[in-house]
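J.: Here the protein sequences line up with chains A and B, keeping their order.
Per numbering that gives the first Met the number 0, residue 0 is the first one in the first sequence, and the count goes up by one each step.
Per numbering that gives the first Met the number 0, residue 0 is the first one in the second sequence, and the count goes up by one each step.
It should be emphasised that the hints constitute simulated quantities derived from the structure, not laboratory data.
We put the CB at the ideal spot given by N, CA and C, even for glycine.
One or more of the hints may lead you astray.
Said to hold, decoys possible - Here are some chain B residues the structure puts well away from chain A; computed CB gaps all over 10 angstroms:
| id | residue |
| --- | --- |
| 1 | K3 |
| 2 | K23 |
| 3 | I29 |
| 4 | L41 |
| 5 | D42 |
| 6 | G46 |
| 7 | F108 |
| 8 | K128 |
| 9 | N132 |
| 10 | M134 |
| 11 | D166 |
Unchecked claim - The calculated lysine-lysine pairs, modelled on DSS-like cross-linking and capped at a C-alpha distance of 30 angstroms, are:
| id | chain 1 | residue 1 | chain 2 | residue 2 |
| --- | --- | --- | --- | --- |
| 12 | B | K129 | B | K3 |
| 13 | A | K311 | A | K231 |
| 14 | A | K316 | B | K24 |
| 15 | B | K153 | B | K23 |
| 16 | A | K452 | A | K231 |
| 17 | A | K316 | B | K20 |
| 18 | A | K202 | A | K231 |
| 19 | A | K316 | A | K248 |
| 20 | B | K23 | A | K316 |
Okay, here's what each chain looks like letter by letter:
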Amino acid sequence: MYTFAQRLKITAFVLMGLGFIGLAIGFASAPSTVAEAQAMVADAHGGHGDAHGSEHNTHDAHVADTHSEEKNHDAHAVTDAHDQHHGDEHADDAHADDAHADDHHGEHLLHQLQNKPWAALYVAAFFFFMIALGTLMFYAIQRAAQAGWPILLFRVMEGITAYLVPGSIIIYVFLVLTGLHANHLFVWMDAETVAHDEIIQGKVGYLNVPFFLIRAAIYLLGWNAYRYFSRKFSLAQDAASAGDISNHKKNFRISAVFLVFFFVTESMMSWDWIMSLDPHWFSTLFGWYVLASMLVTAVTVIALVTIYLKSKGFLPKVNHSHLHDLAKFMFGLSVFWTYLWFSQFMLIWYSNIPEEVTYFLTRIDDYNLPFFGMVVMNFVFPLLILMSSDYKRSNWIIVMAGIIIVLGHYIDIFNMIMPATVGDQWFIGWAEIGGFLFFAGLFIYVVFRALTKVPLEASGDPYVGESERFVY
Amino acid sequence: MSSKLVHAVYDDDDTLLHAVKDVKKADYRIEEVFTPFPVHGLDHAMGLAGTRIAVMAFMYGILGFSVAITMINYIMIEDWPQNIGGKPSFSFLENLPAFVPVIFEMTVFFAAHLMVITFYLRSRLWPFKKAENPMPETTDDKFLMQVALEGDEKKLMSLLKKSGAIDVSIHETEHA
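Chain A on its own, in the form it takes in the complex (with noise of 0.2 angstroms):
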């Protein structure tokens, strides 16, 4: 049995201390009024005043191959459907009322000020979460696989997934707060935008408040009853009499129907939590890619927390051949990801349709850094470090790889959340490190706390002395 190391303990309530407070001045510190906006604005960069301009002429210089002026103009009202309305009078004649711009522009800054703390609090919070509900479909294709390297990890599995209830329940209030206007994320709960809005008005009737609370909690109970059920039966089945699987069989036949539920599910959580952040833009393979993102982020924790808790003692059957082989899924995962980001970044890029390319524009004009920073984080760094069969052999390069992964995909997510709510006003300040920190202290509180319930390695599985006598 497990016992909560007592530093572990002490560094997850620091965590979330300091996260707190983080997070507190992230909130206090957001503008109530356009001329505080404004005016933080202007202390920050000095004479961004006429931003609107240079923004414009940015995004000119851009797509001014190929796109006419008044195209670009629509590009980036779409890029920014708070601007929507605006916009398109930009489009009829562009900069004719500089004082009436000044004012929507400066309206739209308080906005993407006041969105800064809650687009942190999401994103961190959707990440933590995330990790939770990939380790949840690892575990369940393992499960459906009926894969026999694993059973050993199984506890460790379980324990990741623990952090799925309090992660669903963050999650859905702060969805449920969105849903009441509590803040600005989601453009399309805006009544005034959609009416000035000819695209978001066709898309009503599935990006509603009511409708996406309801999917919201389909997803969140669905996902749950199948981490509650497997765990149980994972743990009767060792409490089982020799020779009965009936519960092994029954969490085989569960994570069948699971699997096929949370694709379909997954898919659409990843277009109504992220993709509706952009109303106008769409791709068809956003769930994929937020899918690689989780399952890769995931096993990464999972090698993570065995290595932490084999380095305390304990595991000890878990051998050199199972961290080879998350490592493995480490590796591949990471260019799995790749290759989804790189399919949908190279195909918007080529056919460089205003509606979808704006989506790359803002980010790379932006994001630079975050978009770029991530793809060497994402991909280069564990293709070159990763690669060799004895790299992943050793703990120190496994942990130095999954720590990268880990940021790595965090600024993933961030670069899928923020550039929607706060625009070009990001940057990395108090709410989102505490974001961070809140929610991992949070994370390793609840998953250490679970792997303290049942004996860290599972015996009643059939397969157990597979596991046992695993070698690469």
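With chain A held as given, fit chain B onto it using these hints.
T.: Quick look at chain B alone, frame taken from chain A:
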């Protein structure tokens, strides 16, 4: 120089694996083992050095990567500049996304083909080569272990028989 080989034939891979370990333990030199299929852990038991083909694969990949970049830069940018996707920038870097699939394929192509060729050369395999296999049954259901006959002949024979060999015989080697 008298170089004689003892051929021990087995009909089970597990028995063979244990026999290999026993012979190794008794300090005899195993020349070669012929099996109809790869036996897990056999290379380890025989004490063979790990393969270095992975290192070559990496270098071949880098070679393919460089060849692809050079090739595509020459074809698409220098020799006959092309308008790629309505973006006539004629710059390699700005058109890189369009080239990535080609670069990727060339990397895989070079790594895979050169690796196979290297493997054949290292294994001294080429078209129309006469089979070296001393016993054709080893391509069906038998396993053959060749042990160099050094020292006490009787002791080795009894060790091999005890290890579960269905047949043990002594052969003169063709090449000294």
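J.: Against each hint, give a clear statement of whether it holds in the structure.
T.: Hint check results:
no.	hint	verdict
1	K3	holds (36 angstroms)
2	K23	holds (19 angstroms)
3	I29	holds (22 angstroms)
4	L41	holds (13 angstroms)
5	D42	holds (13 angstroms)
6	G46	holds (17 angstroms)
7	F108	holds (17 angstroms)
8	K128	holds (31 angstroms)
9	N132	holds (29 angstroms)
10	M134	holds (30 angstroms)
11	D166	holds (31 angstroms)
12	K129/B with K3/B	holds (22 angstroms)
13	K311/A with K231/A	holds (27 angstroms)
14	K316/A with K24/B	holds (28 angstroms)
15	K153/B with K23/B	holds (17 angstroms)
16	K452/A with K231/A	holds (13 angstroms)
17	K316/A with K20/B	holds (25 angstroms)
18	K202/A with K231/A	violated (41 angstroms)
19	K316/A with K248/A	holds (24 angstroms)
20	K23/B with K316/A	holds (29 angstroms)
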